[in-house]
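Engineer: Given next are the chains, with one letter for each unit.
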Amino acid sequence: MAEDFPVLRMTGISKQFPAVRALSGVDFRLYPGEVHALLGENGAGKSTLIKVLTGVYELDEGTVELDGAPVRITSPHHAQQLGISTVYQEVNLCPNLTVAENIFLGRERTSGPVVRWRRTRREAATLVAAFGLEIDVSAQLGSYPLAIQQLVAIVRAVDLNRADGAAGTKVLILDEPTSSLDQDEVEVLFGVIRRLKSAGVAVLFVSHFLDQIYRICDRMTVLRNGRMVGEHMVADLDRVGLVRLMLGRELQQLEELREHDRTATGETVLHAAGLGRRGSIAPFDLDISAGEVVGLAGLLGSGRTELARLVFGADQADSGELTVGGKPVSRRAGPQATISRGIAFCPENRRAEGLIPDLTVRENIILAMQAARGWARPIPRETADRLVARYIAALDIRPADPEATAGSLSGGNQQKVLLARWILTSPKLLVLDEPTRGIDVGAKAEIQKLVVSLAGDGVSVLYISAELDEVLRLSDSIGVLRDRTLVARLTNGPDLTADQIMQTIARGAQS
Amino acid sequence: MTALARIRQRDWRSLTRQQLFWPLLILVALLLFNLPFTPNFFSVGVRNGHLYGSLVSILYFGTVPILVALGMTLVIATGGIDLSVGAVMAISGAIACRLISHAADQNSVSLVLEAMGLALLASLAAGLFNGLMVARAGVQPIVATLILMVAGRGIAQLITSGFILTELSKPYGVLGGYAATVPTGVFIVVGFVAVAAVLTRRTALGLLVESVGGNAEASRLAGVRAQRIKVMVYLFCALCAGVAGLWNSSSLGGADANNAGLWIELDAILAVVIGGTPLTGGRFSISGTVVGALILQTLKTTIFTIGIPAQANMVFEAVVVIIICLLQSTDFRRRVARLLRPGAARGRPVGPAGPAAPDQRPAQAAVSPESVEIPS
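Same order as they appear, the protein sequences are chains C and E. Read in order, the letters of the first sequence are residues 1 to 511 in our numbering. Read in order, the letters of the second sequence are residues 1 to 376 in our numbering.
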């Protein structure tokens, strides 16, 4: 099959956004009858490439050829007409309509103004059966589990092409189709993918579950920082090699900051036993002592964020126990309880979950402290001004204007505002979820230094980062996550290398 | 352009950016608009032992809209809305009037105080219901308060047994009348506005309300007790509506469960919006709301004094409200300004053309490195 002529060839694709070069000179090929994985961490350019391919974005440079003929894809509808169908992670169908109605939505089987329901149902049933599915097409879509809904979306997408254009579906893009499915559901989906594959459809499979990629895919393309860093047959590249490609190794080693002699000897600050949440993260055990920096490593979607949210109480655990400072925390307690015990949390999505964009820098900084004091005990204005001025200076927040609207700051400065908010509460444990993502290099280094100096002062830190080097540099020990399970806890030291962590990510527990 | 003119322009700009500038300008314009029609519009006299005049009547009848809009401001600031304020007014008035009208001695002060206390307790109960529905049960505010908007009027009718209750209590009449020649309502409004201002700006309540309205999830993760804050604002809103209901029934000398506070929720929401508090929640302005409510009340008085035919009242009011809302929109003002000055439409700088253009470019370039984000 790889000897065939590619059905889709993208050459030298570049896409520039105001602040970021999302894609630079990416080449991409897709052959008929193959399942092709598109891999890369957050911000690698996967979704931009897909959006260029489906006509959501216009490309700045490069060419797209479909069946050997150059095309300019102008809109999602145009992509659809050309035979490129997409099924997104979130099902874009109407759960309140029946399966048959959903499949034929917008092109109902009619004679004149009258919808011929029986014919609609009959044709839908035939279609669904052709995909090897046994479902009642006259039942409401919403009554089926998400997996079936996703399959119905695939059926609709594929049939849409057959009806509209003569060509039929040439390329089917599945954007993280399995992220909310359980094991059996994934099997059903894979059955459908194999069926499409044997019919000659090129399937582009985007997923961060490595196991699945090794089971279903033939070939893969890896992106990193907007560049294509490798195209391999799945059989030729083992998992360690793949993880290395995805994460990349910064060639220049930033060695200075490694301080492993700073062995944490303090008492246990946090103790989690069997803490877990169904569909989010498998039960895990975790101990963090005073002054210890625990890094969490794992690919996107491996459960790093979910673990952090359970520790902080942002989500409710449905099993296990959490003890902070020797005292148990009720599973239903929520953030106030953990904050009062000295846990602080900078979420990954700082704009949506951290910052109050309309409020000023000053108000954002004092918010957590004020919330802990309650509304009736306001922080005196002079105290607030003094504290805010001190942290604006200490963290070099720019502009150094306490009355600036927080939403107008750059990403790095927003992150510093959030850090200031929590440092103000003198936490015992600081949970940082991707604190350096999407911020400029200078701010990145400052935040890393801050973590080290906080740990020196006896503050424990749970540090999540997609960048292995960063985790390796800062952490005393490293928890490795894989497929929503904490699979290993590695003690950091001169012997531990990024390679070993990558192997653990790829293979699972072994230490 | 001279340096002086440039300074003046900058001052003018910072003035127009003040949140209260446009609402106040509209209020003053609306007041002045009355002068040609009613030459003695601004004169205040004394009649029957109390102040008398158009301005006094604006303040007098402004009691209800200002009070209700005050409570509504805080609810809207948390990203909510309270449609039940009119019904709460009706309930509060009905309870007070029923207790007073059924008593043997209507002029007993303790009876009046007891009646008012019970009426306000009932209002707070309504606010608690709204607050719990929104904060605890997670019902959308517009739906949660719609329940009491409809049911509340029914409850008020049950209390009055479907009649219009009249009372003749002298002490109760003081509430909706005059004290020391000034409308009692003015004292009530000043008191409530002062309490609200102190509660929100001297304590941390204002910050927490704005934080919940600005980003509820982020506030929760920062440890803000968002549910408690929400319950508090609905309680306060209902208390304001309850007091407004008492004033209303006292002023009319009776309770009409069908018409007390009818459509007041819409006036209150409008006053809040005119005052500069966005319906999406977050930043709020109490003084803006007061001015907004005064604008609406002045408009109603104006319609009355310049003698618009009764059947055209609603349409006239609607037209003026549309104009006010357009004036409040920065985008609209810019478009109008562009239309009025054809030169500015082509983007020609107003100042000396030469140095102005190159000045702007480095300023923009200086900003961009700050905002560059590097994906990890």
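What the hints contain is simulated information worked out from the structure, not anything from laboratory work. Every residue, glycine too, gets a C-beta built ideally from N, C-alpha and C. Any given hint could be a false lead.
Now the in silico label distances, taken between C-beta atoms and shown as ranges [as the list claims (entries may be wrong)]:
id: 1; chain 1: C; residue 1: D385; chain 2: E; residue 2: R228; range: 39 to 49 Å
id: 2; chain 1: C; residue 1: D385; chain 2: E; residue 2: G253; range: 46 to 56 Å
id: 3; chain 1: C; residue 1: A129; chain 2: E; residue 2: L128; range: 49 to 59 Å
id: 4; chain 1: C; residue 1: T383; chain 2: E; residue 2: G138; range: 50 to 60 Å
id: 5; chain 1: E; residue 1: L128; chain 2: C; residue 2: E267; range: 26 to 36 Å
Some chain E residues near chain C, calculated using beta-carbon distances under 8 Å [said to hold, decoys possible]:
id: 6; residue: S211
id: 7; residue: A218
id: 8; residue: R220
id: 9; residue: R225
id: 10; residue: E317
id: 11; residue: A318
id: 12; residue: V320
id: 13; residue: I322
id: 14; residue: L326
Engineer: Does each hint hold? Answer for all of them.
Structural biologist: Hint check:
no.	hint	in the structure
1	C:D385 - E:R228: 39 to 49 Å	violated (27 Å)
2	C:D385 - E:G253: 46 to 56 Å	holds (53 Å)
3	C:A129 - E:L128: 49 to 59 Å	holds (56 Å)
4	C:T383 - E:G138: 50 to 60 Å	violated (36 Å)
5	E:L128 - C:E267: 26 to 36 Å	violated (44 Å)
6	S211	holds (5 Å)
7	A218	holds (5 Å)
8	R220	holds (6 Å)
9	R225	holds (6 Å)
10	E317	violated (32 Å)
11	A318	violated (31 Å)
12	V320	violated (30 Å)
13	I322	violated (27 Å)
14	L326	violated (24 Å)
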